[in-house]
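Based on the hints, put chain B in the right spot on chain A.
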Amino acid sequence: MAANDALVIALPKGRILKEVMPLLHRAGIEPEAAFNADDARQLRFRTNDPRIDLVRVRSFDVATFVAFGAAHLGVAGNDVIMEFDYAELYAPLDLGIGRCRLSVAEPRELVANDDPSRWSHVRVATKYPGITKRHFARRGVQAECIKLNGAMELAPALGLCRRIVDLVSTGSTLKANGLVEVETILEVTSRLVVNRAALKTRPADVGGLIDRFRGALDAA
Amino acid sequence: MNEVSDNGVDPSAGLLPAGLRDVLPPRAEVEAQVTERLMAVFAGHGYRRIKPPLVEYEDTLLAGSGQALAGQMFRFMDTASHRMLGVRPDITLQAARIAATRLAHDPRPLRLCYAGQVLRTRGSQLRPERQFAQAGFELIGSAAPAADQEVAILAAEAVLALGVAGLSMDVTNPLLVPALCEGLGLDAAVAKAARLALDHKDAAALHDAVGPGKAADTLAALIDIGPAAQVFARLAKLDLPRAAAAMVAQLRALCDGLKLALPDLPVTLDLGEFRGLEYHSGVSFTLFARGVRGELGRGGRYMAGANEPATGCTLYLDSLMRALPASPPERRLFLPFGTPHVEARRWRSEGWSVVRGLEPVADATAEAKRLGCSHQLAGNQPRALA
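Protein sequence lines, in the order shown, are assigned to chains A and B.
Just so we're aligned: 128 in this note's numbering is position 128 of the first sequence, and the numbers increase by one with no gaps anywhere.
Just so we're aligned: 148 in this note's numbering is position 148 of the second sequence, and the numbers increase by one with no gaps anywhere.
One chain only, chain A, in its complex shape (with noise of 0.2 Å):
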């Protein structure tokens, strides 16, 4: 089999990958010793199956790779697969793993004396552009988003925005800073993602590697 047959799966970088490691370890598959090795620079990894490689990347791109078919499978939350709402990817597993929710939240103090029913224009930060636009047009506001990478909290405080849209988890990060969460957009888990000519074109490779993930989510 040429090398370049492998399947190909994309892990996010960070939190959530500690929650998949023994999710692939139930389905079978070793990563080679680099891929824990925190300062590699390797960015593709062998498994002990070798129809199966590894590459890890930001949980953004996650989606990305994979609806291109860069990577045939991913793990990638709910939000960023709604993020994108690419048509080429296909989300068969809900792992049940990287639990959060993505949220609405504004200054406590703007809570008291804010009637959302009036509202027909909205200043937001974000990393979700693309759900904030979407959710807030459904209920006939036009959302105005700043499209920040990190440290959303800081914008209401800094006079940036009043409101942003943004993970939440524990909820102590908001409360830190002064913000209260005012409606849930979403519940987040990560889900095994596929892409869709991959698992046209290799029904029997691709939808093995489901059903093991399926038969690993079972055994936890």
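Treat each hint with caution, since some may be false.
Simulated DEER-style distance windows between Cβ atoms [claimed, not checked]:
#, chain 1, residue 1, chain 2, residue 2, range
1, B, R252, A, P22, 38 to 46 Å
2, B, S12, A, R46, 41 to 49 Å
3, B, M77, A, R108, 37 to 45 Å
4, A, T189, B, M77, 49 to 57 Å
5, A, L43, B, L20, 46 to 54 Å
6, B, G379, A, D205, 52 to 60 Å
7, A, R138, B, L20, 27 to 35 Å
Hints were generated in silico from the structure; no laboratory data involved.
All C-beta atoms in this analysis are idealised placements derived from N, C-alpha and C, irrespective of residue type, glycine included.
Structure of chain B alone, referenced to chain A:
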């Protein structure tokens, strides 16, 4: 003003609008040859060529099934008639219009084929191009299962004739899930959410939409796609409502026909698929090639004109070009200045592309290379240049 981009920098003269590009040699030649080879295969199956215009009245392009492509169409005002015109986003709609009007009295079934450029307002994720070439064929006026088979088999044979490796066909019926939801008694909002979830193969979203119960179990069985035989085996265990069962029987007839005609063609079945098949009204299929980004073509049942049953297929030249094996190097022969016309004619008649020198040069070999020729004459025979 509008010659200057937003940040005040003059763009280069070579800049084209997003999604539009110049196709250069040798790709432009190869694409034209591929188009003609496809048209020859269609003609060999009795399909006759039509050539509709690039631009039509908006309302004729959008009539009937065309409505599904309304958001993809460039429109402008015709200063002569003061009516809105549209640039075709697809040629199938035009073939259907021709069949329903000028060829309304031709005997059925009508077999038409075409090749041409289409223009769309937006590119898609996998095809950022807004202008691209289509080649296709339409079989109009027959609802017979044999018509579905003819179209699917011809589509695969035409692509295989180009030498595409790793071809596979994905078969579906976009009306099956709605029929199933109706048969299971789901209300419209739930059915819509379920359909979207099945299209995304999103088990969690399907569960959220339908909740537990028999309906959920039946729909969940459609989420796993795969080789046709496996999916049919799984479907056989389900107790399907009558309308859905009839559709499954049609799909099975098509897959059986494909198996007989093209036993080596992998056929997969994906009953949840409907995006991109908006104007299809029955058995439909999509062509993929292993390792090639995007679809090579799509086809299936639709309604032409005043509810005339039709089926057909459109192949996308840009994806096909990505799936093709490398074409053999061009045969370009350099003839130095002063070579008689009769000799140039002789080499052309033997299939060479002949490039003639326009001025005497000291080093003919260097000149031939400079002009991108593959061969020069040596002792009155073409000799390959190193």
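### Query
Looking at the structure, which of the earlier hints fail to hold?
3, 5
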